[in-house]
Amino acid sequence: MRALLPILLAAGLLTACDHGALNNPYPEHQRGQNIMYSFFNERPKHLDPVQSYFENEIRFTAQIYMPPLQYHYLKRPYQLIPFAAAAMPRVTYYGAGGEIVPAHASPSEVAYTRYEISIRPGIRYQPHPAFAIDARGQYLYTGLPERQLKRYRSLADFERSDTRELVAADYVYQIKRLAHPGLHSPIFGLMKGYIIGLDVYAGELEQLSATAASGTYLDLDRFEISGVRVVDRYRYTIDVRGKYPQFLYWLAMPFFAPVQHEAERFYRQPGMPVNISLDWYPVGTGPYMLSVNDPNRVMVLERNPNFGGEPYPFEGEAGDATAGLLNDAGEEMPFIDKVVYSLEKESIPYWNKFLQGYYDLSDISSDSFDQTVSISSTGEVGLSDELRERGIVLHTSVSSTTIYLGFNMLDPVIGGLGERARKLRQAVSIAVDMEELISIFRNGRGIPAQSPLPPGIFGHRDGEAGINPYVYDWVGGQAKRKPVEVARRLLKEAGYQNGIDERTGKPLTLYLDTTLVGPEAKSRADWFTKQLRKIDVQLVVRATDLNRFQEKLRNGTAQLYVLGWNADYPDPENFMFLLHGPQSRAKGSGENASNYASREFDGLFEQMRNMDNGPERQDIIDRMVAVVQRDAPWAFGFHPADYNLAHGWVHNIKPNTMANNELKYQRVDAAQRTRLRDEWNAPVFWPLLLLAVLALGAMAPAVIAWRRRERGIARQKYLAQRAEPKP
Amino acid sequence: MTAYLFRRILYVIPILLGVNLITFALFFFVNSPDDMARLALGGKRVTEESIERWKRDKGYDKPHFYNDAAAGTDRFTDTIFFTRSASMFALDFGVADDGRDIAQEIRTRMWPSLAIAVPTFVVGLAFYITFALILAFFRATYVDVSGVIVCVAAMSISSLFYIIGGQYLISKLWHLAPISGFGEGVSALKFLALPVAIGIVSSAGANARWYRTIFIEEINKDYVRTARAKGLSELRVLFRHVLHNAMIPILTGVVVIIPSLFLGSLIMESFFSIPGLGSYTIEAINNQDYGIVRAMVFLGSILYIVGLILTDVAYTLVDPRVRLD
Chain A
1 MRALLPILLA AGLLTACDHG ALNNPYPEHQ RGQNIMYSFF NERPKHLDPV QSYFENEIRF
61 TAQIYMPPLQ YHYLKRPYQL IPFAAAAMPR VTYYGAGGEI VPAHASPSEV AYTRYEISIR
121 PGIRYQPHPA FAIDARGQYL YTGLPERQLK RYRSLADFER SDTRELVAAD YVYQIKRLAH
181 PGLHSPIFGL MKGYIIGLDV YAGELEQLSA TAASGTYLDL DRFEISGVRV VDRYRYTIDV
241 RGKYPQFLYW LAMPFFAPVQ HEAERFYRQP GMPVNISLDW YPVGTGPYML SVNDPNRVMV
301 LERNPNFGGE PYPFEGEAGD ATAGLLNDAG EEMPFIDKVV YSLEKESIPY WNKFLQGYYD
361 LSDISSDSFD QTVSISSTGE VGLSDELRER GIVLHTSVSS TTIYLGFNML DPVIGGLGER
421 ARKLRQAVSI AVDMEELISI FRNGRGIPAQ SPLPPGIFGH RDGEAGINPY VYDWVGGQAK
481 RKPVEVARRL LKEAGYQNGI DERTGKPLTL YLDTTLVGPE AKSRADWFTK QLRKIDVQLV
541 VRATDLNRFQ EKLRNGTAQL YVLGWNADYP DPENFMFLLH GPQSRAKGSG ENASNYASRE
601 FDGLFEQMRN MDNGPERQDI IDRMVAVVQR DAPWAFGFHP ADYNLAHGWV HNIKPNTMAN
661 NELKYQRVDA AQRTRLRDEW NAPVFWPLLL LAVLALGAMA PAVIAWRRRE RGIARQKYLA
721 QRAEPKP
Chain B
1 MTAYLFRRIL YVIPILLGVN LITFALFFFV NSPDDMARLA LGGKRVTEES IERWKRDKGY
61 DKPHFYNDAA AGTDRFTDTI FFTRSASMFA LDFGVADDGR DIAQEIRTRM WPSLAIAVPT
121 FVVGLAFYIT FALILAFFRA TYVDVSGVIV CVAAMSISSL FYIIGGQYLI SKLWHLAPIS
181 GFGEGVSALK FLALPVAIGI VSSAGANARW YRTIFIEEIN KDYVRTARAK GLSELRVLFR
241 HVLHNAMIPI LTGVVVIIPS LFLGSLIMES FFSIPGLGSY TIEAINNQDY GIVRAMVFLG
301 SILYIVGLIL TDVAYTLVDP RVRLD
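Chain order of the listed sequences is A and B.
Mapping the first sequence onto the working numbering, position 590 (from 1) lands on 590, and the numbers just tick up by one.
Mapping the second sequence onto the working numbering, position 246 (from 1) lands on 246, and the numbers just tick up by one.
Bear in mind the hints are in silico, worked out from the structure with no lab data behind them.
The structure presented is a predicted model; accordingly, all values stated were derived computationally and were not measured.
Note that CB positions come from ideal geometry on N, CA and C, so glycine has one too.
Careful, some of the hints might be misleading.
As the list claims (entries may be wrong) - What follows is a list of derived Cβ distance ranges for each label pair: (1) B:R75 / A:E99: 57 to 65 Å; (2) A:E435 / B:D61: 26 to 34 Å; (3) A:W686 / B:L310: 44 to 52 Å; (4) A:A723 / B:I248: 37 to 45 Å; (5) B:T77 / A:G98: 52 to 60 Å; (6) A:G98 / B:I282: 56 to 64 Å.
Said to hold, decoys possible - From the structure, some residues in chain B lie toward chain A, with a derived Cβ separation under 8 Å: (7) E48; (8) D101; (9) L176; (10) E234.
Claimed, not checked - Subject to a maximum C-alpha distance of 35 Å in a straight line, what follows is the list of computed DSBU-like cross-link-like pairs (lysine-lysine): (11) A:K492 / A:K482; (12) A:K522 / B:K172; (13) B:K221 / A:K338.
Throw the hints in and build the complete structure from the sequences for me.
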């Protein structure tokens with residue numbers, strides 16, 4: 001601690017000049033400003049809307065870019081509303097002969113669907129050097145000589161910037177970018193099957209790029225996509241094969257946000273440093289723009305001065321008004337001027353900074369769960385007294401995610417649609433107690449899944465009608481897992497009485513492949529083993545790295561595995577396709593990792609996938625759910641629940657697992673935050689003084705002894721000199 | 001010495017080639033280009049066609065070491081190994097799989113790493129040596145005994161404990177420094193105080209004890225007795241004569257790590273959110289980004305070799321008996 005003292009004192013003196021709390025991680029000039037403070041724990045890899053797909057990327061791009069549509073912030077079930085679009089797209093269905101067919105026509109009658117999208121006039125881009133023009137009307141920073149470009153290290157080095165109006169052609173340009181051979185859009189494979197002409201266009205681009213130097217500008221406007229057209233300055237159309245109602249959801253994602261050819265031409269001019277790219281510096285029309293992009297430390301979104309504003313919703317669902325979520329109805333958004341995201345890789349620092357008021361929002365890590373959340377005797381979830389006293393509010397929601405224990409249906413033991421394997425899977429489904437898993441490993445954050453569909457997705461049923469009758473009973477108004485005896489009986493009927501294969505006389509051994517590593521992996525493996533031991537089945541847990549795990553799934557050699565699926569959009573098709581036969585991972589590289597193939601299920605899926613929501617679709621979904629509950633290709637695991645915390649000075653928080661552009665709706669009371677931060681973070685100096693006194697006290701006797709010894713030597717020397725006879 | 005240095009520098013080339021080869025073989029033994037493509041493309045809705053496009057775009061569609069389809073020297077040069085290795089010797093690290101300039105990233109992240117590592121190293125070294133000399137000075141007294149006990153206790157505790165404990169006490173309870181973060185310019189000082197202090201304290205036990213052992217051994221030598229007999233003060237004996245003669249074992253451990261200070265500390269930088277190089281390699285391994293992995297291993301190898309050469313040179317400076325021939 002001796003070293004600690006001077007350094008801390010020096011730092012204290014330096015920071016004392018700020019007149020703020022010593023532990024304040026932010027510059028003092030930000031005090032009291034209308035800023036939101038948040039964090040990110042993984043640096044985004046892509047901010048180009050054609051590539052960004054992960055949550056840690058979309059949380060930025062969704063604030064910057066304006067796709068045509070967005071989700072209503074408050075209404076549930078999730079509802080699409082216009083964003084950049086002036087109104088919801090006009091959808092027209094065409095038959096094989098090009099004739100218009102009615103909206104209620106069956107999918108087989110529809111050859112293609114045309115989406116006509118009109119965008120609002122007057123929307124302008126954020127200030128950007130790509131738009132800057134000189135006196136002759138030429139782009140100032142495009143076509144610069146390589147020598148001159150070497151001067152620029154970041155976007156801020158370009159002195160001038162300008163803007164221009166958003167036009168329909170920008171949306172069309174972005175759709176072309178989906179096929180760009182150097183951009184690797186994750187949805188290109190999917191979209192080329194739907195957007196008419198995208199596959200042909202991709203081939204043409206492929207040929208063009210073969211002759212172009214790597215990384216240089218590829219003129220996407222040299223060719224056109226036959227199914228995507230600019231109608232006029234503010235209107236464009238997209239033709240989609242067949243009937244695909246889910247396409248509207250894609251129009252709410254950054255993949256379909258506008259990108260300007262000026263920006264692409266600016267960024268891709270030869271000699272531009274590789275770090276100055278659209279992937280690094282997005283150019284949007286949304287409420288915010290990225291002003292600092294240092295993903296190793298901090299990312300800052302600032303209010304886009306050219307954003308025209310948008311009114312806060314006037315209506316929501318029942319209870320929103322009481323919760324104060326409509327207090328700002330009609331007010332112009334965004335409310336926050338700036339959002340500072342700091343990189344936090346570990347949970348302990350960000351959690352403590354949240355408690356100190358230096359972050360406005362936080363999730364709850366497993367480490368801090370017990371000190372944060374209290375569960376009453378009735379099972380009601382609440383915050384601990386300490387957090388409540390600080391005015392912190394807990395927001396919970398069940399995410400649109402399904403985690404499941406999958407069975408490989410190609411496996412000779414556990415797979416297949418035969419009675420024997422089916423009963424074995426049902427027995428395992430009963431034995432693996434998901435309620436216990438949620439309780440032990442997720443602190444109760446989640447609800448057991450009864451089907452592939454999470455709550456909030458059309459087709460999901462609550463209550464008795466929604467339970468999986470092969471695994472649960474409805475007892476006393478709630479779902480109760482069937483006793484282990486039922487699993488044992490099923491196992492006996494399957495020919496594995498007491499876990500012994502009656503055909504071979506050998507114990508039944510199953511294999512679970514997992515990618516988990518570390519201490520939790522061991523406890524999870526032990527837990528799974530214990531679950532199957534309840535029915536006398538031996539389980540071998542095979543820990544493997546991600547590559548080998550994926551390889552086993554692709555080859556169809558895994559037996560049991562755990563996977564999850566996070567909804568792209570709130571439609572049952574986005575979950576049911578995970579069990580669609582043609583989507584088999586082993587046979588067709590699809591997302592059906594269990595390789596489940598049921599003619600009955602596939603037939604129903606084909607009917608359901610393109611239907612509009614309604615009783616008829618619900619009925620088909622019910623039948624599909626019944627089929628998979630019976631066949632049990634998955635032991636339906638659980639739907640995770642998100643527990644998020646917000647300080648009392650943050651307003652308009654409503655969990656929304658679909659929308660990512662929630663920032664513009666939120667508001668902070670900066671004055672209250674400043675007052676509470678000061679109150680919570682007054683420096684405490686006495687421990688340092690105490691340590692200094694203790695250290696000095698401990699050394700004092702030694703120093704005294706040393707001085708005595710030194711004096712003793714001097715005295716001896718003096719006496720010896722005196723004793724020497726003088727010559 | 002010039003001939004010696006020239007010879008050592010020549011050795012660098014085969015060593016770096018070998019390191020590069022081993023890194024390449026180990027990396028591609030674990031990860032295939034297909035795996036790398038899948039991870040880079042997001043793992044969701046990834047098609048075989050998109051994998052092939054990604055490999056072609058990134059140059060991973062070539063054979064690893066030998067290209068049968070090529071002619072002449074292209075058989076060796078038109079391979080992943082050659083195209084990814086040759087440029088390294090010109091210190092051209094290329095771009096990462098996410099399109100970022102690796103050299104630029106290293107240049108940017110190097111400074112925060114140094115901002116922690118250099119003061120921790122310099123102040124720490126001064127502190128450990130002083131503390132060890134004090135213990136040696138008060139040898140066989142209660143100061144020495146309790147100092148050694150504290151050192152043994154301190155070295156038995158995990159560095160993670162110091163970090164979490166330091167953050168808890170200094171930042172959370174006493175509110176004297178930010179828990180984590182980093183600033184630019186002078187504002188970085190308040191963020192560096194705590195990690196530097198913790199870095200010094202967490203290594204104090206092992207280092208002080210080690211240096212004390214060296215000094216005690218040195219203290220019993222004849223020249224020390226002679227110095228004392230001449231009537232020199234004990235402080236002068238310790239800091240002038242003992243310290244100077246104890247420099248060889250100290251330099252052995254110290255100089256070799258100076259170049260690697262650039263590479264930062266994974267745990268320290270993670271817990272304090274320091275944007276340094278400490279986590280760069282680990283992140284690259286997790287993301288299966290070979291471009292970064294090979295660059296960092298290459299750089300680490302060079303720095304290690306430089307450290308060893310510097311150590312040899314330092315010997316000659318502190319001990320005139322040592323000659324590099």
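Hints, verified against the model:
For the pair R75 (chain B) and E99 (chain A), the supplied restraint of 57 to 65 Å holds, since their beta-carbon distance comes to about 60 Å. For the pair E435 (chain A) and D61 (chain B), the supplied restraint of 26 to 34 Å is violated, since their beta-carbon distance comes to about 48 Å. Roughly 45 Å separates the CB atoms of W686 (chain A) and L310 (chain B), a value that falls within the hinted 44 to 52 Å. At roughly 41 Å, the beta-carbon separation of A723 (chain A) and I248 (chain B) lies within the given 37 to 45 Å, and the hint holds.
Separated by about 55 Å at the C-beta atoms, T77 (chain B) and G98 (chain A) satisfy the suggested range of 52 to 60 Å. A C-beta distance of roughly 57 Å is found between G98 (chain A) and I282 (chain B), which places it inside the suggested range of 56 to 64 Å. Because the beta carbon of E48 (chain B) sits about 6 Å from the nearest beta carbon in chain A, less than 8 Å, this interface hint is met. Given hint, D101 (chain B) at the interface with chain A, holds; its Cβ is 5 Å from that chain's nearest Cβ, closer than 8 Å.
For L176 (chain B), the shortest C-beta to C-beta distance to chain A is roughly 5 Å, which falls under 8 Å, so the interface hint holds. Residue-level restraint check for E234 (chain B) holds (minimum Cβ-Cβ distance to chain A is 7 Å; threshold 8 Å). Using a Cα cut-off of 35 Å, the hinted pair K492 (chain A) and K482 (chain A) holds, with the two alpha carbons roughly 16 Å apart. Straight-line distance between C-alpha atoms of K522 (chain A) and K172 (chain B) comes to about 32 Å, which keeps the hinted pair within the 35 Å bound.
Taking the CA atoms of K221 (chain B) and K338 (chain A), the gap is near 67 Å; set against the 35 Å cutoff, the hint is violated.
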